[in-house]
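Participant: Residue-level listing of the chains:
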Amino acid sequence: MNDPGKEISRLAFDERGADYLLAVREEYGNAGPAFVAKGEDVGDIRTDIPYQLVTILRKIYPYMEDGKIAVVIRRCEEKALNELIKRGIIDGDRIIRIGLACSEGQIEACRCTDPVPSCVDIGSPGKGWNEDQLSKELSAMSSEERLDFWVAQFRKCNKCYACSTNCPVCVCDHCVLEECTFVAEKGIPPGMAFHLIRAYHLSDKCTECGECERSCPAHIPLLTFRKMTNRDMKDLYGYESGDTETVSPLLTTLEGDLLEEEED
Amino acid sequence: MQRVGVFVCHCGHNIGSVVDVEKVVEYAKQLENVAVADHNLYSCSEEGLGSIKKSIRENKLDVVVVAACTPRTHEPLFRRACEQAGVNKYLFEFVNIREHCSWIHAKEKEAATEKAKRLIAMGVAKASLLTPQKEGEASVIPVAAVIGGGIAGLTAAASLVSQGIETHVIEKEARLGGLLNNISVIGPEFVETEPLIRRLKEDLERSPQAHIHLESRIVELGGFIGNFDIKIAEGAKTTDFKVGAIIVATGGRELEPTNVYGFGKIPTVITQMELEKRLAGGAAPSSAIFIQCVECRQPGREYCSRICCNVTLKNALRIIRSNPNARVTVLHRDIMSYGTTAERLYREASESGVSFMRYGLESPPKISEKEDGASVEVFDETLNENIGISGEIVVLATPIISQEGTAETAKLLKVPADKNGFFLEAHVKLRPVEFATDGVFICGSARWPSHVTECIAQGLAAAAKAAIPIRGGKVVIEAITAEVDVERCAACGNCVLACPYEAIEMTVIDGKRCAKVNEAQCKGCGTCVAACPNDAMQQKGFTTRQLGAMIDALIKNCKEEAVE
Amino acid sequence: MKENVVVIGAGIAGIQASLDLADMGFSVHLIEKTPSIGGHMAQLDKTFPTNDCSMCILSPKMIMCAEHENITLHTYSEVDSIAGDFPRFKVGIREKARYIDLNRCTGCGDCVAKCPSKVPSEFEEGLSIRKAIYLPFPQAVPRKMTIDAENCRKIKDNKCGVCLKVCQAGAVDYDQKGRIVELDAAVIVIATGFDLMDATALPQFGYGICKDVVSSMQFERILSASGPTGGHLVRPSDDKEPVNLAFVQCVGSRDAKNHLYCSSVCCMYATKESILATEHAPDVKITIFYMDMRAVGKGFQEFVQRAKKSHGVRYVRSRPAKVQQANGDNGVLVSYETPGMTGEPVSEEYDMLILCPALLPSSSTREIAKMLDMELDDDGFFRTPDIRYPTDSSKKGILICGFSGAPMDIPDSVSQASGVAARTAELLSGGDR
Amino acid sequence: MTDFKPSILAFCCNWCSYAGADLAGVSRLQMPPNVHVIRVMCSASVKPEYVIKAVTQGIDGVLVLGCHIGDCHYLTGNHRTAKRIPLLQKILDEAGIDSRRIKLDWVSAAEGEKYQKVVTEFVEEIRRLGPNPLREVRF
Amino acid sequence: MTDDNFEPNIIAFTCTWCGYPSANLAGVNKIDYPANVKIIRVMCSGSVDPAVVMQALERGADGIIIIGCLIDNCHYVEGNKNAEERADRLKRLLNVLGLDSKRIRTEWINASERVKFANAMREFVDEIRELGPAPHIPAPKRKELTSEEIKKEISRIIEDTGAFDCVECGKCTSVCPVARFDTEFAPRTIVLRSMEGITDNLANDKDIWTCSTCEMCNSMCPYKVNYSGFIQGLRGTAMQLSNSPVCSQGGLIQSAIRIMAGADLKQNRLDWVTEDLEIAEKGDVFYFVGCLPHFDAIFADREYLELTRTAQSAVKLMNAAGIKPAVSNEERCCGHDLVWSGDEENFLKLMDKNLELVKNSGAKKVVFTCPECIRTFEMDYKDFAEDIDFEIVHISDLLVQLIDEGKLSLPSMADEIIATYHDSCRLGRHMGIYDSPRSLIESAGMKLVEMENTREKSACCGVSAWLSCNSAAMRMQLERLEEAKKTGAEVMLTFCPKCRIHLSCAANEELPFDRERVNIITKDLTVALAELLEGK
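Residue numbers (the working numbering), protein chains in the order written: chain A, 1 to 264; chain B, 265 to 828; chain C, 829 to 1261; chain D, 1262 to 1400; chain E, 1401 to 1936.
Keep in mind the hints are simulated off the structure, nothing from the lab. Every value quoted in this text rests on a predicted model; they were computed, and no experiment measured them. From the three backbone atoms N, C-alpha and C, an ideal C-beta is built for every residue, glycine too. Heads up, a few of these hints could be off.
[Stated by the list, open to error] Part of the chain A face toward chain B, derived, beta carbon under 7 Å:
1. Val151
2. Val171
3. His174
4. Val176
5. Thr181
6. Lys234
7. Asp235
8. Tyr237
9. Thr246
10. Val247
[To be verified] Derived DSS-like pairs: lysine-lysine, alpha-carbon spacing no greater than 30 Å straight-line:
11. C:Lys1136 / B:Lys683
12. B:Lys776 / B:Lys678
13. B:Lys373 / C:Lys1198
[Unchecked claim] If you want the footprint, here are the derived chain B segments under chain D, 3+ residues with CB under 8 Å:
14. 641–647
15. 786–799
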């Protein structure tokens, strides 16, 4: 592919009438999110560095009263965006999506199972992994071993909140984990409650973009935990986050599938 | 910090005999924020309440914790006492150490005392975080609705109308009267039913206040006490109207026996209703056998349907009166003719030749068909012999069972029904004609099989209970509704979808998207609180910090215990 | 101006009627013969079928009654005269002298401790004593003392006077006189309830002859934690815990020589008392002699099944004819015919016997009926001529509820009491049908 | 170990399971004294965060008791509970906390015996599972 | 008055050891004797039951001769002595009945004295021919009742006695003195069986006869079922189905009563009237004596009973109060025992005769000492007859009235004796007379000690109408005597001759325990009061 940046800016501004473009750009040797207005120089756009642009989009969106914004989004970001649209936090019409298919290496890094965006504009679609190796091992373990594993992992956490800050779907400004209502120990590490509450909150939102794992300085395999929780959600209610219609099963009634009264 | 007063009750014997009340009071004294701890023999008595009020004033208490019986009976009583002593009635916490401790751990006094301490510690933890609340008020629409046009419903409606209250009667059949339409005379004084129903119907038809809806069913029902809106399907069209109170008088129906005693196979085996028709036509048989307790007072349907004995006595006497040398036999397991007139009916029946034979549950009568009727063989317990009797007809006294469609009505009205399908009243002894849900009342056989006189009495009672809020004009709403902390709300929309009553909507308050609760519609269930990820939604009286504190108190207690 | 309604009798029916009438906005005058409202329900320990503690569900209503701004209590008072007719009755209430200043008395009880003269307590059915100055029961409403003139040495023969000295509140006033209060009332509600038949009229049951034969109300008091034995199940003759005890039903009821009617509630309270007895004394064995086990209300059959299955209560369908003293002066010998097959006379020995006497219309029912020449039916209950109005008596404007109309249990009394409120509203809103 | 006294938290909804617990009390149904009831208006108001907080800080078992489906005083409140608690159990399981420490059940106002059965069986289950492993784990 | 071709019908009871062989020898030796004699062989003359003799007379025999061994060499030691003694008592009874005592004869003949046998026969036949025929009472006709008629009859009885009201509560059985000892008998079951229409076993139901009709059950029944009336009715119907009772004394008294009902006899009932007693043919007050003389005859072996003294005392007391009571020799048995054993037909005959008697005497008041007689007049006569216009009063009420009116004053007893009073069921529960006997005892200066079961609860003497005498009756009698003894009283007073007979019968028996426990004498209250007059 010749310079992806050009292609992206063409698609965004010329073809799809965006007023702004949000993409990852490399400047002076380090890559970061760039917010380019129409007509400005797009610069050296990198498509091989995994960066959660939807989180940035969510943060700047309230301040952009008008204008359409184009975003370079991979499949997981597209799903995260859908979750935000579904909750009315972002108005879908103002967003123009530029689909980026993940490279093999990236798919492997994220052990991603669903790497191809709905419309592929850049990059060639690769094949998703079917199973995350660690979660397979974990589910083979007995619950004591699993507990020891996670206690060991969570003991490394020093409550820097990187995971929740960078997470596209973690929308609360005042996160309940910052107070001691539920996370009792004030000290570091914050104890199991911190992570379990976060897992529960994200159970109907997380799109497995892996940003939390990537941004965790203690390298706690948070993505694995997210994947296991999402698999539970799928087993229990056949729900996968990432589309703009299905309401989270935690909020709906039992509808048809009434829990048959366990006759004891 | 809040000055908390803890009052532990002996409840006479019930708590005092299991929980060491003095030790619990000592423990409560050293709990955080507890200014004073005391105990008395009967806190719910005037003397008990008096001592609590005195202690509130003397020790200038902010919050009161009472450890006694279940809050479901005495919470209003103690809240009013706190109010009278100058403490906001919501700065009060009830700890149940009777039904949830002394009564269920009667044999483990030591463990029960420890548990009482922990429960009180949790109660005090929550009490310290309680904040004063103010009750809401709602106006009451001066209109009542009566569901069911049987004798109970008609009496209630007639009474409401004659008190000047506009009333809708909703009857699913094409004519009013319910069960009494196919019963011509009722015991024990053999009163004609037709004039009774006709007079009640005329009272209603004459009055402009009464609206009778025949062949109509409720399809939708919403709102709450004082402001119910009802949509009914009346024949083809649907009408809806708003009412302040609802009286359920859907009545009961006679059980069709299912292949027992040859019913359905032997033509001469009939039910009481069938007999009523025949007797109304004047055709009295020359001999009859009544079998009581058919398909009831047995495993599967344990209850006694209260009225079938008296119906049998009445019908037996009608047979004898119209055909003096008729031979009537009643096979029974107990004759339930309680009261004055019913017992005299029983005497008169036995004096005019009706013979009563007692059979056991394990040895029911055996029926075999004969050409001119049926013959019954029964093992008479007293004579210890099998006795054969023959009768032109065999009448099965089957019980009154719940009206069909009770489940739907219950769901519509959001009121409970027991395992037999009869509605569950608020308190079996002291609030027999009210539901736990405010503004909804119950009378007649829908609550429990009742004689006509009892249905009428309950109809009047339900009318009185419905008239109270309507005459009062306003109704007080419990202050346990949800409220949003606009600052914290991230407008994630969870609460809007979670609320069973759609009482929450997303709005914009000074530029910020956030959720808003419609206080009048919110019933205070707290579903939204649990759906809210970041504690923006709180339920008055059950805030996350209060319940969190209770959990902390338990955790702290268990840790201490583990250390011991 | 709120119309006045006079309610005579402050048992559960009178209390409920007053509360509903007051909630409807009528001004209620509740007249009670004894010093405290509550009636017989206050004497009960528990109520069937849920075994709720009776006082726990009654005292809130008593307190609401005392505090309701539309209700005026006239306790220790009787109806002196009733004149006029609906809707302008003239009611004379004779408030008997209590010799206590109600505003000052706090019910502290110091006087009771010092009072020398002991009297058998009516509330405890004679099982324990009260003093001449007394509070009928701990949860009494109003919580004020009363001096019983016949037994007070000071009032009778001008001796003693210790209660005056002891009372810090200065509430004792020996020369207080009773007074007649005249009031006009639009409607009169009669809720005079029942009296327990005196079982000494049936000597064959040994009541008053054998010490260990008690009435059901006495047994209720024995079971009650605030009762004479503090809730310990002991028998009167030697205060020992009985090993086997028996209930006899229909004593005086369903009896052509005494009262033909069935008092409706004895089957159920006997079952309740037997369940309670097994709780107080786990290894007691209980027999109930009955005619028909009339468990007709909600949850009643299950209640009886529970008594049979998990409390081991033995139900014998037979009516004992003779009760004699067993050996010495405790325990009794009960002779009855074994039901069913054998059918031979048997006499068994029981440590304690509980009689369930007939529940009669109360003496005040008769007095008021005479005063207003109202019709009574042949069992002595008020006649209710029109089936459409079960709470209307034979005189217009005079309504009845509870046991004075017919034998019934607490829920039915409460329903009728509310029914009275509806009828009052109907009568007074002119829309009478 | 025999003298392990489990500490158990129970959330009971005011209209059904709390009333069922009262009925169990009124009927004097004896049960082990390790269960501490917190009265909430509806089982749906029980935040999973409470359960996580309790379990992660040493409480041996949490019972959530609501009205039978269809009986809920607030219509479909208990439907949400019926969705949340199973997911919560799975998450805890993933983290290695035995999901049998959390139990969801329905007890109506008339089911004193069922309340006794649920409580007694749950205490036995927790006793079998042993103390909550997170008690000693010091973070 | 014998018509000339009357051939007497003679029965000869011959004992096997002497009587019968002597007859054989007479036969062998062809010594003839009149053919009227029919010989019945018995083992011993002592085994001849007086009741059999009486029934023979009733059914058609004109004379009975009992032939036993010579005195002192009876094969069974004393058989013949007993026979002699019984024959005497029987003769006395016949005399009172107005049948000539010569109709019964005993002969002691050695086995070889064949001539003596034949002569005795011939002599006896002539003598009886001289006397003429004895009155023959035909056996009562049995109406053939179909089961439908029985059912109708029984439901009529149920209707009259209110038995429909029975709620099977068991009070009657639990107080029934008979049921306590005889587990087969349960009043409730009898009522229920008839109510259920089970009447097929009525023909051979023995239970209905064991009821002592003491009406303890009536007093206890909460629904006022007249149980004894029910049994009376059932017994009447049972008799129709030839279900006859086993009577005590072998039915001797029943057949004597039937004779009184059927035959017009020249009775000598007034032998007890001594000179000092003033009685009259007619008068305002008629004293109905009852069968005291007959019982004195039958129970002559129990001298201390002295039943006729009651009659004498009654007249003495009345004379002392200035009353000359009319007493009639034509008096018949009041019929109590027949009405209670279901023989309604003969009962009505007796009733008519007695009512006729009272009407002829012009009496406005009939006085009774015997509780059974007064009960029969008060209840059964008034039930069956309409025209009863005279007042029926018991001696106790009469005496109390006389004392109140000052017409009679009884000196009180010198040394006070302790006495207890037995309420006979007929006087007490049936008639409700409890207080006058007691006030009489008190005014007589005796110290009255009440038994534990007294007044309505008074225990029964076990037998009524000579029907239910069995082991249960025996235990009842012993229990009653023991109860009386326990009160420490020296004497048990009562008005009922039957109670005294039955209680005395118990006292004679071999007792399995120390006799002292039941050793108390019974005395008739009328006699005791009369003795006061004589300063005893």
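Participant: Taking the hints in turn, state whether each one holds.
Facilitator: Hints versus structure:
1. Val151: It is violated, given that the least Cβ distance between Val151 (chain A) and chain B is near 18 Å, above 7 Å.
2. Val171: 5 Å, holds
3. His174: Given a least distance of 5 Å, the restraint on His174 (chain A) holds.
4. Val176: At about 5 Å, which falls below the 7 Å cut-off, the nearest Cβ of chain B leaves the hint on Val176 (chain A) intact, so it holds.
5. Thr181: 5 Å, holds
6. Lys234: 20 Å, violated
7. Asp235: 22 Å, violated
8. Tyr237: Violated, about 14 Å.
9. Thr246: This interface hint is violated because 12 Å lies over the 7 Å limit.
10. Val247: 6 Å, holds
11. C:Lys1136 / B:Lys683: 21 Å, holds
12. B:Lys776 / B:Lys678: Judged against 30 Å, a Cα distance of about 36 Å means the pair is violated.
13. B:Lys373 / C:Lys1198: Roughly 56 Å separates the two Cα atoms, so the pair is violated.
14. 641–647: Per the Cβ count (0), the hint is violated.
15. 786–799: Three-residue rule met by the region 786–799 of chain B, so holds; n is 8.
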